[in-house]
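There are 2 protein chains.
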Amino acid sequence: MLSSVHKIKRLIATVFIVLLSAAILSPPSLAADGKLTGVRGTFFDFIDDPWKHVGDEEASARFYADGLLVMDNGIIKDFGPYSELSSKYPGLEVTSIANRIITPGFVDGHVHFPQTRVLGAYGLQLLPWLEEWIFPEEMKYKDAAYAREGVKHYFDNMLSAGTTTVQDFGNSYKSAVDIFFDEASKRNMRVLCGVSGLDRSAPADYCVAPPQFYSDSKEMIQKWHRKGRNLYAITPRFAYGDSPELMAMCGKLHKEFPDCWVNTHVSENPTETRNAPLEHKCSDYLGCYEKYGLVGPKFTAGHGVWLSDNEIERLHKAGAAISFCPNSNTFLGSGLFRLGAVTDPRKRVRLTFGTDMGGGNSFSMINVLNQAYKVGLCNNTMLDGSVDPRWHDEAQAERNKLNAYRAFYSITLGGAEGLYLEKLIGNFNPGKEADFVALDWNAGPSSMRWHQSLICQKPATKKEAAQLLFGILAVGGDERCVDETWVMGKRLYKKGLTETSAVPGEEQR
Amino acid sequence: MLSSVHKIKRLIATVFIVLLSAAILSPPSLAADGKLTGVRGTFFDFIDDPWKHVGDEEASARFYADGLLVMDNGIIKDFGPYSELSSKYPGLEVTSIANRIITPGFVDGHVHFPQTRVLGAYGLQLLPWLEEWIFPEEMKYKDAAYAREGVKHYFDNMLSAGTTTVQDFGNSYKSAVDIFFDEASKRNMRVLCGVSGLDRSAPADYCVAPPQFYSDSKEMIQKWHRKGRNLYAITPRFAYGDSPELMAMCGKLHKEFPDCWVNTHVSENPTETRNAPLEHKCSDYLGCYEKYGLVGPKFTAGHGVWLSDNEIERLHKAGAAISFCPNSNTFLGSGLFRLGAVTDPRKRVRLTFGTDMGGGNSFSMINVLNQAYKVGLCNNTMLDGSVDPRWHDEAQAERNKLNAYRAFYSITLGGAEGLYLEKLIGNFNPGKEADFVALDWNAGPSSMRWHQSLICQKPATKKEAAQLLFGILAVGGDERCVDETWVMGKRLYKKGLTETSAVPGEEQR
Numbered sequence: 001m002l003s004s005v006h007k008i009k010r011l012i013a014t015v016f017i018v019l020l021s022a023a024i025l026s027p028p029s030l031a032a033d034g035k036l037t038g039v040r041g042t043f044f045d046f047i048d049d050p051w052k053h054v055g056d057e058e059a060s061a062r063f064y065a066d067g068l069l070v071m072d073n074g075i076i077k078d079f080g081p082y083s084e085l086s087s088k089y090p091g092l093e094v095t096s097i098a099n100r101i102i103t104p105g106f107v108d109g110h111v112h113f114p115q116t117r118v119l120g121a122y123g124l125q126l127l128p129w130l131e132e133w134i135f136p137e138e139m140k141y142k143d144a145a146y147a148r149e150g151v152k153h154y155f156d157n158m159l160s161a162g163t164t165t166v167q168d169f170g171n172s173y174k175s176a177v178d179i180f181f182d183e184a185s186k187r188n189m190r191v192l193c194g195v196s197g198l199d200r201s202a203p204a205d206y207c208v209a210p211p212q213f214y215s216d217s218k219e220m221i222q223k224w225h226r227k228g229r230n231l232y233a234i235t236p237r238f239a240y241g242d243s244p245e246l247m248a249m250c251g252k253l254h255k256e257f258p259d260c261w262v263n264t265h266v267s268e269n270p271t272e273t274r275n276a277p278l279e280h281k282c283s284d285y286l287g288c289y290e291k292y293g294l295v296g297p298k299f300t301a302g303h304g305v306w307l308s309d310n311e312i313e314r315l316h317k318a319g320a321a322i323s324f325c326p327n328s329n330t331f332l333g334s335g336l337f338r339l340g341a342v343t344d345p346r347k348r349v350r351l352t353f354g355t356d357m358g359g360g361n362s363f364s365m366i367n368v369l370n371q372a373y374k375v376g377l378c379n380n381t382m383l384d385g386s387v388d389p390r391w392h393d394e395a396q397a398e399r400n401k402l403n404a405y406r407a408f409y410s411i412t413l414g415g416a417e418g419l420y421l422e423k424l425i426g427n428f429n430p431g432k433e434a435d436f437v438a439l440d441w442n443a444g445p446s447s448m449r450w451h452q453s454l455i456c457q458k459p460a461t462k463k464e465a466a467q468l469l470f471g472i473l474a475v476g477g478d479e480r481c482v483d484e485t486w487v488m489g490k491r492l493y494k495k496g497l498t499e500t501s502a503v504p505g506e507e508q509r
Numbered sequence: 001m002l003s004s005v006h007k008i009k010r011l012i013a014t015v016f017i018v019l020l021s022a023a024i025l026s027p028p029s030l031a032a033d034g035k036l037t038g039v040r041g042t043f044f045d046f047i048d049d050p051w052k053h054v055g056d057e058e059a060s061a062r063f064y065a066d067g068l069l070v071m072d073n074g075i076i077k078d079f080g081p082y083s084e085l086s087s088k089y090p091g092l093e094v095t096s097i098a099n100r101i102i103t104p105g106f107v108d109g110h111v112h113f114p115q116t117r118v119l120g121a122y123g124l125q126l127l128p129w130l131e132e133w134i135f136p137e138e139m140k141y142k143d144a145a146y147a148r149e150g151v152k153h154y155f156d157n158m159l160s161a162g163t164t165t166v167q168d169f170g171n172s173y174k175s176a177v178d179i180f181f182d183e184a185s186k187r188n189m190r191v192l193c194g195v196s197g198l199d200r201s202a203p204a205d206y207c208v209a210p211p212q213f214y215s216d217s218k219e220m221i222q223k224w225h226r227k228g229r230n231l232y233a234i235t236p237r238f239a240y241g242d243s244p245e246l247m248a249m250c251g252k253l254h255k256e257f258p259d260c261w262v263n264t265h266v267s268e269n270p271t272e273t274r275n276a277p278l279e280h281k282c283s284d285y286l287g288c289y290e291k292y293g294l295v296g297p298k299f300t301a302g303h304g305v306w307l308s309d310n311e312i313e314r315l316h317k318a319g320a321a322i323s324f325c326p327n328s329n330t331f332l333g334s335g336l337f338r339l340g341a342v343t344d345p346r347k348r349v350r351l352t353f354g355t356d357m358g359g360g361n362s363f364s365m366i367n368v369l370n371q372a373y374k375v376g377l378c379n380n381t382m383l384d385g386s387v388d389p390r391w392h393d394e395a396q397a398e399r400n401k402l403n404a405y406r407a408f409y410s411i412t413l414g415g416a417e418g419l420y421l422e423k424l425i426g427n428f429n430p431g432k433e434a435d436f437v438a439l440d441w442n443a444g445p446s447s448m449r450w451h452q453s454l455i456c457q458k459p460a461t462k463k464e465a466a467q468l469l470f471g472i473l474a475v476g477g478d479e480r481c482v483d484e485t486w487v488m489g490k491r492l493y494k495k496g497l498t499e500t501s502a503v504p505g506e507e508q509r
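Residue numbers (this note's numbering), protein chains in the order written: chain C, 1 to 509; chain D, 1 to 509.
Keep in mind that the hints are not guaranteed to be accurate.
So these bits of chain D aren't anywhere near chain C, every CB distance computed over 12 Å [to be verified]:
#, residue
1, Gly-80
2, Ala-121
3, Gly-476
No more than 30 Å apart at the CA atoms, straight line, and that leaves these computed lysine-lysine pairs for DSSO-like [unchecked claim]:
#, chain 1, residue 1, chain 2, residue 2
4, C, Lys-281, C, Lys-252
5, D, Lys-77, D, Lys-463
6, D, Lys-495, D, Lys-463
7, C, Lys-463, D, Lys-317
8, C, Lys-495, D, Lys-463
9, D, Lys-423, D, Lys-317
10, D, Lys-223, D, Lys-255
11, C, Lys-495, D, Lys-152
12, D, Lys-140, C, Lys-140
13, C, Lys-458, D, Lys-152
14, C, Lys-423, C, Lys-252
15, C, Lys-152, D, Lys-458
16, D, Lys-401, C, Lys-401
17, C, Lys-495, D, Lys-140
18, C, Lys-458, D, Lys-142
19, C, Lys-186, C, Lys-495
20, C, Lys-423, C, Lys-218
21, C, Lys-432, C, Lys-223
22, C, Lys-401, C, Lys-423
23, D, Lys-401, C, Lys-140
24, D, Lys-35, D, Lys-494
25, C, Lys-490, C, Lys-423
26, D, Lys-463, C, Lys-140
27, D, Lys-152, D, Lys-186
28, D, Lys-458, C, Lys-495
29, C, Lys-458, D, Lys-495
30, D, Lys-458, C, Lys-140
31, D, Lys-495, C, Lys-152
32, C, Lys-142, D, Lys-458
33, C, Lys-458, D, Lys-140
34, C, Lys-401, C, Lys-458
35, D, Lys-458, D, Lys-494
36, D, Lys-462, D, Lys-186
37, D, Lys-423, D, Lys-347
38, D, Lys-140, C, Lys-462
39, C, Lys-142, C, Lys-227
40, C, Lys-401, D, Lys-140
Hint data in this document are derived by calculation from the structure and do not stem from the laboratory. Glycine residues also receive a C-beta, built at the ideal position from the N, C-alpha and C atoms.
Please build the complete structure, drawing on both the sequences and the hints.
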């Protein structure tokens, strides 16, 4: 008897899920090709850097309680209040997204796809952690089937976390990087990646000789750079793991392909920070990259926890970027990044925030914001001078405080600026690519709803929306609060569907 | 047409949920009163302190891949492998819990129920944060209806996070503390609480004069201490907020009611740590409590971030406890607790781990473990001597590393020992109260399942179970991984039921 009841329940549930999936996966606005489509909802994005508006961060954001985003084949054609815009577009097919805050898709500025399976591995600082956990897993990606499976998990996780743009480190194998770009193309995502250059401090089988690295990189650049939405980043993995010969190859590639990006690591861990300059006969870590002509616009180095003030100033002058990865910096114990030092308007450094998954133990940029907030506050207890009066610096402390504006700017428009992609993504300006997420401000832990109800039931003002966003960040929000993720005007993720369903079928490609 | 389809779908869904809820809320083993009941599943608990077994932490844990827990009216009667025990109990009504790891219920050693709604409040270190966010919210609990609502949310959140024992700070109103104990009694939970003594550094309306504090405390002790599972903690809120007169009242209560616990704060924030001893004319923060005879067994002070080595040694000698609250210490930027310093076997201090919700931004003890791990690793980058060779201390660094054994011990048996409750709760020894949780090691973010599959499909050994538990801790696990929570042999929480359904009905009381 129980067994029949169980079967009936399963049947009912299956019917229900199939009906629901069909309804969700084929909303009217997704089907029409070549036609304008619209999304109506509550929008929140940024038009400026909030660190330029200390005490008036609201001025950096834009908010429409009832807005309309008009898209033409994935490109934003118009954006504004629904009441003003709707009459301009009679007959527009509009998808309404109610009770959500729609922000631009998140930008993850520093991440390693072949570490997807070993994120959150136990117990070690950077160098032994690489040896024990990371290199063995990355080496599995020599196998194409494994690489395909891993890359699929990676993008599924990214989309469910609301991330639509990544700058990824790839690994030593061009075959795996090839699979990465192929999968990104199927989802039509704006991504950066490269073959990682590594010829020291790693297993011999995983090291690549500099000439091989050069030819692999060149092949991948020619195959993928600016093909669709793919961009290539020349990727010296990190100076401590790269010989002068390999670094010279990076410099050569950078000269031959000046349109490409450059992506690497800097000053993550104190031991590594001390050793890398010795390897390259430089006076500091950043100098290792400067020596080979790599530091300039479209250069990003991850971490920068132990950067000196002088290095920060050189990054500022070069127009180069740092990627702040607080989950990784605390999970590996690397240290507390000085956010307030790089956001000084007199020497502002371009920034992305990054998960650094697997050193960072989450795919969620919202979770990254949570940890970034904590890092800022921990730094401030030093900067208030109560421990050592010589460290007293109230202006820097103020800049360390990650309010909602600074936080969500940093993973949208700020991230785009960090990657020199602000003309393509980052906010809802016409001409940009329509990547966005619909956030449910109640969908975190069970404690979230009552907390948010203290603010409002539904945001009517920019300030209320910002307060709800801070609640998402601070009350354990993460991928649970990401209800939908849209890429180039198409919904690729809807919460509640199975992982497999979240992968776009051919009809969506 | 669409609307009818929608109605049908809702109807099907409703039928489905009602059937499912009925099946889940009335499993056979819950109904029988006065009869032995059993739970069969995979059990993991602790029989010793893993910090005593450096390099062989396994020795501290107990594991049955297929175990049986036999209960008599909520008290554990027997525990062991199913194959050995089942024949001793013919006809036993057994609830099987498949594909879960069952651990003792979690102990939250430091938490503030009247902050439930303002957890994760923006932007400040301890003292201004109290003024701006905390005191105004706590004062709302003067209203009995609001207090009842808040306390209900609080216990719902706790149970869904797998926490079955809390040591809570209450607030200044005995009426709210009364409601707290009443609600805890309805759920039959093992809790500690007290009227918080505060007569300085807070709004005048929220301060309580020492004689009033004395009589309120006495009334609550007489009403609630050792009534059911309730225990009373004499609660000087924190020395910086308590006058010498109020502290003297705490000393008086402690003498009159030596069976009661004492719960307070110590050395959370550097500014507070400097000022509190000045207020009480002591040479350090711990001295403020020693002066009034409060420091001994069953004394807990939260935080202890800035404790000196000398204070740590005095805590050890007194048999007193510290509650480590890493989410709070980072969310408020208080600092990085030296876990390795208090777990030195030569001067081991009893410990609980605590959420310190609302200074801590989560109800989940699993989330606390995640942050505790990060705090340990951040400390270790200092202790490896790479920044300052004078700080080199490898033994302390080793103790800072929160592996799965140390982690889950700390929130079960370790927490019970911290509260001097190890004879009542903390593991599955016969005679103890049957509070436990069933953990789903795949139920975190979408990245968790593939990660865990690297270890095993189902744990067959203690080591595999520990690795899965570490995965829960490290890969963004939190309340999502808590599938069921049982209190005194009754299931009070099952994931997937609505928040309201999680509150036990009269039939379960």
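Hint by hint, here is what the structure shows:
With a closest Cβ-Cβ approach of about 29 Å to chain C, Gly-80 (chain D) is found to remain outside the 12 Å limit, as its non-interface label requires. Taking the minimum C-beta to C-beta distance to chain C, about 8 Å, the non-interface status of Ala-121 (chain D) is violated against the 12 Å cut. Not every CB of chain C is more than 12 Å from the CB of Gly-476 (chain D) (nearest about 5 Å), against its label as outside the interface. A threshold of 30 Å between alpha carbons decides the hint, and for Lys-281 (chain C) with Lys-252 (chain C) the separation of about 20 Å falls inside it, so the pair holds.
In summary, the hint linking Lys-77 (chain D) to Lys-463 (chain D) is supported, as the alpha carbons are separated by about 27 Å, within the 30 Å threshold. For a cut-off of 30 Å, the pair hint linking Lys-495 (chain D) to Lys-463 (chain D) stands: about 27 Å separates their Cα positions. For the suggested pair Lys-463 (chain C) and Lys-317 (chain D), the alpha carbons sit about 52 Å apart, so the restraint of at most 30 Å is broken. For the suggested pair Lys-495 (chain C) and Lys-463 (chain D), the alpha carbons sit about 34 Å apart, so the restraint of at most 30 Å is broken.
Restraint check for Lys-423 (chain D) and Lys-317 (chain D): the C-alpha separation of about 21 Å stays at or below 30 Å, so the hint holds. Taking the CA atoms of Lys-223 (chain D) and Lys-255 (chain D), the gap is about 18 Å. The hint holds against a cut of 30 Å. Taking the CA atoms of Lys-495 (chain C) and Lys-152 (chain D), the gap is about 28 Å. The hint holds against a cut of 30 Å. For the given pair, Lys-140 (chain D) sits about 57 Å from Lys-140 (chain C) by alpha-carbon distance, which is inconsistent with the 30 Å threshold.
A threshold of 30 Å between alpha carbons decides the hint, and for Lys-458 (chain C) with Lys-152 (chain D) the separation of about 24 Å falls inside it, so the pair holds. A C-alpha spacing of about 27 Å is found between Lys-423 (chain C) and Lys-252 (chain C), which places the hinted pair at or below 30 Å, so the restraint holds. Only pairs whose Cα atoms come within 30 Å are accepted, and Lys-152 (chain C) paired with Lys-458 (chain D) is accepted, the gap being roughly 24 Å. Under the criterion of a C-alpha separation no larger than 30 Å, the hint pairing Lys-401 (chain D) with Lys-401 (chain C) is consistent with the structure, at around 29 Å.
The straight-line distance between the Cα atoms of Lys-495 (chain C) and Lys-140 (chain D) is roughly 36 Å, outside the 30 Å bound, and the hint therefore fails. For the given pair, Lys-458 (chain C) sits about 28 Å from Lys-142 (chain D) by alpha-carbon distance, which is consistent with the 30 Å threshold. Note on Lys-186 (chain C) and Lys-495 (chain C): the hinted pairing holds, with a Cα-Cα distance of about 20 Å set against a maximum of 30 Å. A threshold of 30 Å between alpha carbons decides the hint, and for Lys-423 (chain C) with Lys-218 (chain C) the separation of about 26 Å falls inside it, so the pair holds.
Distance check on the hinted pair: Lys-432 (chain C) and Lys-223 (chain C) sit about 24 Å apart at the alpha-carbon level, within 30 Å; holds. Of the supplied pair hints, the one linking Lys-401 (chain C) and Lys-423 (chain C) holds, its CA atoms being roughly 27 Å apart against a limit of 30 Å. Among the hinted pairs, Lys-401 (chain D) with Lys-140 (chain C) is consistent with the structure: their alpha-carbon atoms are about 28 Å apart, no more than 30 Å. The hinted pair formed by Lys-35 (chain D) and Lys-494 (chain D) meets the criterion: a straight-line CA distance of about 23 Å does not exceed 30 Å.
Annotation: proposed proximity of Lys-490 (chain C) to Lys-423 (chain C) holds, straight-line Cα distance about 20 Å (limit 30 Å). As the CA atoms of Lys-463 (chain D) and Lys-140 (chain C) are separated by approximately 24 Å, the hinted pair is consistent with the 30 Å bound. With a C-alpha separation of about 11 Å, the suggested pairing of Lys-152 (chain D) with Lys-186 (chain D) holds against the 30 Å cut-off. Only pairs whose Cα atoms come within 30 Å are accepted, and Lys-458 (chain D) paired with Lys-495 (chain C) is accepted, the gap being roughly 27 Å.
For the hint pairing Lys-458 (chain C) with Lys-495 (chain D), the CA-to-CA distance comes to about 27 Å; that is within 30 Å, so the pair holds. Taken as a hint, the Lys-458 (chain D) and Lys-140 (chain C) pair is honoured in the structure, with Cα atoms around 23 Å apart against an allowance of 30 Å. With a CA separation close to 28 Å, the supplied pair Lys-495 (chain D) and Lys-152 (chain C) stays within the 30 Å bound. Note on Lys-142 (chain C) and Lys-458 (chain D): the hinted pairing holds, with a Cα-Cα distance of about 28 Å set against a maximum of 30 Å.
The straight-line distance between the Cα atoms of Lys-458 (chain C) and Lys-140 (chain D) is roughly 23 Å, inside the 30 Å bound, and the hint therefore holds. For the hint pairing Lys-401 (chain C) with Lys-458 (chain C), the CA-to-CA distance comes to about 26 Å; that is within 30 Å, so the pair holds. For the hint linking Lys-458 (chain D) to Lys-494 (chain D), the alpha-carbon distance of about 21 Å falls within 30 Å, and the restraint holds. The hinted pair formed by Lys-462 (chain D) and Lys-186 (chain D) fails the criterion: a straight-line CA distance of about 36 Å is larger than 30 Å.
For the hint linking Lys-423 (chain D) to Lys-347 (chain D), the alpha-carbon distance of about 23 Å falls within 30 Å, and the restraint holds. Taking the CA atoms of Lys-140 (chain D) and Lys-462 (chain C), the gap is near 27 Å; set against the 30 Å cutoff, the hint holds. Annotation: proposed proximity of Lys-142 (chain C) to Lys-227 (chain C) holds, straight-line Cα distance about 24 Å (limit 30 Å). Restraint check for Lys-401 (chain C) and Lys-140 (chain D): satisfied, since their Cα atoms lie roughly 28 Å apart, inside the 30 Å limit.
Violated hints, in rising order: 2, 3, 7, 8, 12, 17, 36; the structure is consistent with all others.
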